[in-house]
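Required output: the full structure, derived from the provided sequences and hints.
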Amino acid sequence: MLYRFHWIWLVLFLLLLIRIGWTKSRELIALTFLSCLVVGVRSQVCITRLRAPLEMPESDVFKVLEDTVKVNGSSLQFIGVAGRKSYRLYYQLPSEKEQKLWLSAAPPSYVLITGESYKADSARNLGGFNALDYDYSSGIVGRVDVQNLKTTTVKGFSLHRLRYSWFMRIQKKLPQRLSSYVNALVIGYKDAFFDEWITPYKINGILHLFTLSGMHVQFYLGSFHLLLKRLGMTKESRLFVLIVIGVLFTILTGRNISVLRAVTAYLITFSCDCLGWKSSRLDQWSISLLALLLIRPLILYSVGGRLSLFFSVILVYLPQLTEKRWKQTLLFSFLAFPILIHEFSEWSITSGILTLCLVPVFQWFLLPVCTFLFVTSFGLELPSNVLFFLEKIVSLIERLISLITLPMLTIGKPSLSQLIVLLILTGVLIHRLKYKQRLMSVLVLLVLVTLSISYSPYGSASFIDVGQGDSTLIKLPFKRETFLIDTGGQLHFKQEGWQKRKQTHLSDYTVIPHIKSLGISKIDHVIITHNDADHMGELLHLSKEIKIRNLYIGKGSEKKILPLLHELNKYTKIHVVTKGDQVGQRVKFFVLAPILSKGENNDSIVTYFTAGHKRFLLSGDLEKSGEKTVIEDYPKLEADILKIGHHGSNTSTDTSFIDTVNPETAVISVGKNNRYGHPTAKTIDTLERQQISILRTDHHGMIYYRWLPLFGSGKIEKMIDFEG
1 MLYRFHWIWL
11 VLFLLLLIRI
21 GWTKSRELIA
31 LTFLSCLVVG
41 VRSQVCITRL
51 RAPLEMPESD
61 VFKVLEDTVK
71 VNGSSLQFIG
81 VAGRKSYRLY
91 YQLPSEKEQK
101 LWLSAAPPSY
111 VLITGESYKA
121 DSARNLGGFN
131 ALDYDYSSGI
141 VGRVDVQNLK
151 TTTVKGFSLH
161 RLRYSWFMRI
171 QKKLPQRLSS
181 YVNALVIGYK
191 DAFFDEWITP
201 YKINGILHLF
211 TLSGMHVQFY
221 LGSFHLLLKR
231 LGMTKESRLF
241 VLIVIGVLFT
251 ILTGRNISVL
261 RAVTAYLITF
271 SCDCLGWKSS
281 RLDQWSISLL
291 ALLLIRPLIL
301 YSVGGRLSLF
311 FSVILVYLPQ
321 LTEKRWKQTL
331 LFSFLAFPIL
341 IHEFSEWSIT
351 SGILTLCLVP
361 VFQWFLLPVC
371 TFLFVTSFGL
381 ELPSNVLFFL
391 EKIVSLIERL
401 ISLITLPMLT
411 IGKPSLSQLI
421 VLLILTGVLI
431 HRLKYKQRLM
441 SVLVLLVLVT
451 LSISYSPYGS
461 ASFIDVGQGD
471 STLIKLPFKR
481 ETFLIDTGGQ
491 LHFKQEGWQK
501 RKQTHLSDYT
511 VIPHIKSLGI
521 SKIDHVIITH
531 NDADHMGELL
541 HLSKEIKIRN
551 LYIGKGSEKK
561 ILPLLHELNK
571 YTKIHVVTKG
581 DQVGQRVKFF
591 VLAPILSKGE
601 NNDSIVTYFT
611 AGHKRFLLSG
621 DLEKSGEKTV
631 IEDYPKLEAD
641 ILKIGHHGSN
651 TSTDTSFIDT
661 VNPETAVISV
671 GKNNRYGHPT
681 AKTIDTLERQ
691 QISILRTDHH
701 GMIYYRWLPL
711 FGSGKIEKMI
721 DFEG
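Residue numbering for the sequence shown follows the UniProt record's numbering, beginning at 1 and increasing consecutively.
Just so you know, these hints were derived from the structure itself, not from any lab. Just so you know, even glycine gets a beta-carbon here, dropped at the ideal spot from N, CA and C. Treat the hints with caution; some may be incorrect.
Distance windows between CB atoms, simulated [to be verified]:
1) LYS172 x THR32: 36 to 42 Å
2) LEU226 x LEU15: 39 to 45 Å
3) ILE243 x LEU54: 51 to 57 Å
4) ILE424 x LEU226: 39 to 45 Å
5) LEU54 x CYS274: 42 to 48 Å
6) ALA192 x PRO383: 24 to 30 Å
7) ILE404 x PHE334: 40 to 46 Å
8) LEU15 x LYS100: 56 to 62 Å
9) GLU600 x PHE334: 50 to 56 Å
10) THR376 x LEU54: 33 to 39 Å
11) LYS100 x SER384: 22 to 28 Å
And the structure:
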């Protein structure tokens with residue numbers, strides 16, 4: 001969004017030019033013009049290169065960047081370089097022997113591959129992860145699904161191989177928990193076990209403590225600076241050495257954006273001091289920003305880049321607002337509110353207080369201990385009881401944090417205009433705090449804008465892209481009532497032990513971000529159409545992230561899923577429904593089938609409802625015989641929007657059913673390049689012969705209908721404009 005044209009950016013740029021022109025400083029105007037020209041040209045060159053049509057390099061030989069290798073069961077991914085371009089490669093390992101090769105301390109350096117290249121997807125769901133922007137921010141031009149791969153290892157020095165050898169050494173020498181901490185805090189590498197230990201930090205919104213940034217750079221470079229000073233080196237000599245160390249530190253920590261920013265800022269500040277240049281903190285921040293944009297012009301494509309730059313500009317002003325450290329920390333948490341809800345739709349109440357408490361713990365205990373463990377891993381064998389004691393202390397810190405956990409405030413994702421307003425109000429707030437002026441009017445406006453985000457007047461019905469599965473979310477205007485039909489999920493096939501992947505939850509990237517982006521922290525009604533994993537597989541995980549008030553399942557289907565139902569939160573009321581029942585208060589969901597369910601496809605709960613002047617019919621995985629039963633029971637049944645049964649397979653979408661329902665739009669929830677060939681040509685032909693508009697999640701991403709009360713019918717929109 002930041003690198004795409006929008007009228008708001010044009011207005012803001014013109015306002016900036018007027019403000020700079022108002023200074024009547026020829027030097028500032030000239031410097032601004034030159035900076036904009038240089039950064040603009042540099043950015044355009046990079047964007048043009050990344051957006052160019054993708055072609056596989058002729059040689060098909062890729063240099064493997066060893067420190068990007070990730071093995072998860074039989075799944076392998078890494079970044080490879082060919083023809084001076086970087087690609088993200090994916091491969092299914094055919095044997096355990098090959099898996100062990102890639103998990104060894106010396107993985108292959110080069111690969112000869114055949115495969116299919118493609119561009120990553122932009123966000124497929126509102127509020128969802130944007131893989132394309134993520135690739136662009138890393139300088140990745142495309143992705144490759146590898147079909148055949150031959151490996152070779154070349155001896156020689158490589159920084160990527162050196163860094164990878166450090167990961168492996170630390171994992172081998174230290175217990176799992178300690179190795180995860182050392183890798184994260186010293187080298188900037190999050191290993192496979194990292195997520196298991198940092199849950200308390202994540203829940204409380206303080207995961208940033210593990211992102212190598214200002215605090216960590218200040219510790220490492222500051223320690224070197226103190227040592228050089230004690231050795232009697234002049235300022236100029238120290239500056240040269242610190243530049244070398246700073247560059248090496250940036251490279252050896254993976255060229256992380258936050259490290260790059262922090263190192264740049266540290267060196268610029270020290271350079272100004274050495275050279276006797278009088279400059280304000282804002283001037284130094286501006287110079288570091290310019291340097292960053294020249295080094296990494298697409299830095300704002302990444303979440304980390306946006307957060308790092310926004311947080312750093314807040315830190316510029318904090319000393320002007322208060323001298324007390326505890327006040328600065330709490331203010332920082334509050335002033336960071338706009339960017340945090342824009343990126344995550346949530347804000348932590350406790351993050352400021354916990355950051356205040358934990359920064360000394362990281363500065364004076366965790367960082368020194370992790371650095372010591374890293375250095376000693378190269379020769380000194382520490383006694384096992386010492387490692388056991390340190391691990392227990394780290395575990396104790398995690399437990400103490402979990403004891404004071406408070407729920408995150410789910411606000412919702414602001415639109416671009418709302419974000420701009422919040423940022424302007426934050427700027428006004430900083431100005432008033434600086435000059436001790438009244439804050440009430442600004443705070444009231446901030447609350448009103450926040451409420452407008454969380455309680456949007458728009459209603460929506462979203463067919464979420466969950467791959468080969470189903471999930472539909474209905475939100476009434478002002479969040480008066482919310483419904484979720486199915487949760488999506490992944491089908492699991494029988495695998496050998498070595499092939500099994502570390503469990504990940506699909507809903508963390510699809511359903512949950514979208515729900516939170518609408519400001520929803522609890523769902524009033526969840527309907528599970530039947531027991532298949534691709535419809536209810538994410539139910540348990542979803543219930544841990546979003547409160548569920550009422551859960552509805554088909555009568556008879558509960559017998560097969562009793563263990564799962566027992567694991568749900570006691571807050572959730574479970575209801576068994578059958579044909580003729582109704583769900584909801586403000587909007588009525590009429591249950592049209594089944595009478596009795598075994599939890600199978602043809603026992604799917606079929607629901608009909610009206611919202612935003614449109615009639616919806618959702619049929620789960622209902623088969624043709626079930627469709628015929630429904631139209632026999634309801635011969636006058638008609639709908640404007642029909643969710644096609646069973647992902648468009650031949651077992652559903654009977655001609656007589658389509659004739660009776662007579663929809664304007666048919667939505668097919670189906671996975672991209674799925675192994676089943678869904679939707680089938682026969683299903684598409686049936687719909688096309690009736691001249692029904694067909695929308696598919698594999699082609700269009702999330703499909704959603706939005707409406708405003710009192711304004712008649714709304715509009716059907718899609719995330720991706722598919723041309724095929």
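Q | ILE243 paired with LEU54, Cβ distance criterion 51 to 57 Å | A | 37 Å Cβ-Cβ, so the 51 to 57 Å window is violated.
Between the beta carbons of ALA192 and PRO383, is the distance compatible with 24 to 30 Å? 27 Å, holds
Holds or violated: 42 to 48 Å for the Cβ distance of LEU54 and CYS274? 46 Å, holds
**Prompt:** Taking the beta carbons of ILE404 and PHE334, is their distance inside 40 to 46 Å?
**Reply:** 19 Å, violated
Does the hinted range 33 to 39 Å hold for THR376 and LEU54 at CB?
Between THR376 and LEU54, where Cβ atoms are some 46 Å apart, the hint is violated.
### Query
When you take the CB atoms of LEU15 and LYS100, is the distance between them in 56 to 62 Å?
59 Å, holds
- Is 50 to 56 Å a correct range for the gap between the Cβ atoms of GLU600 and PHE334? 52 Å Cβ-Cβ, so the 50 to 56 Å window holds.
(message) Against the range 22 to 28 Å, how does the distance between the Cβ atoms of LYS100 and SER384 compare: consistent or not?
(response) The hint (22 to 28 Å, Cβ to Cβ) holds, given that LYS100 and SER384 are roughly 26 Å apart.
task: Check the following: the C-beta atoms of LYS172 and THR32 are separated by a distance inside 36 to 42 Å.
output: 53 Å, violated
*Is 39 to 45 Å a correct range for the gap between the Cβ atoms of LEU226 and LEU15?*
44 Å, holds
**Outcome for the supplied range 39 to 45 Å, where the beta carbon pair is ILE424 and LEU226** = 41 Å, holds
The structure is inconsistent with the numbered hints 1, 3, 7, 10, although it conforms to all the rest.
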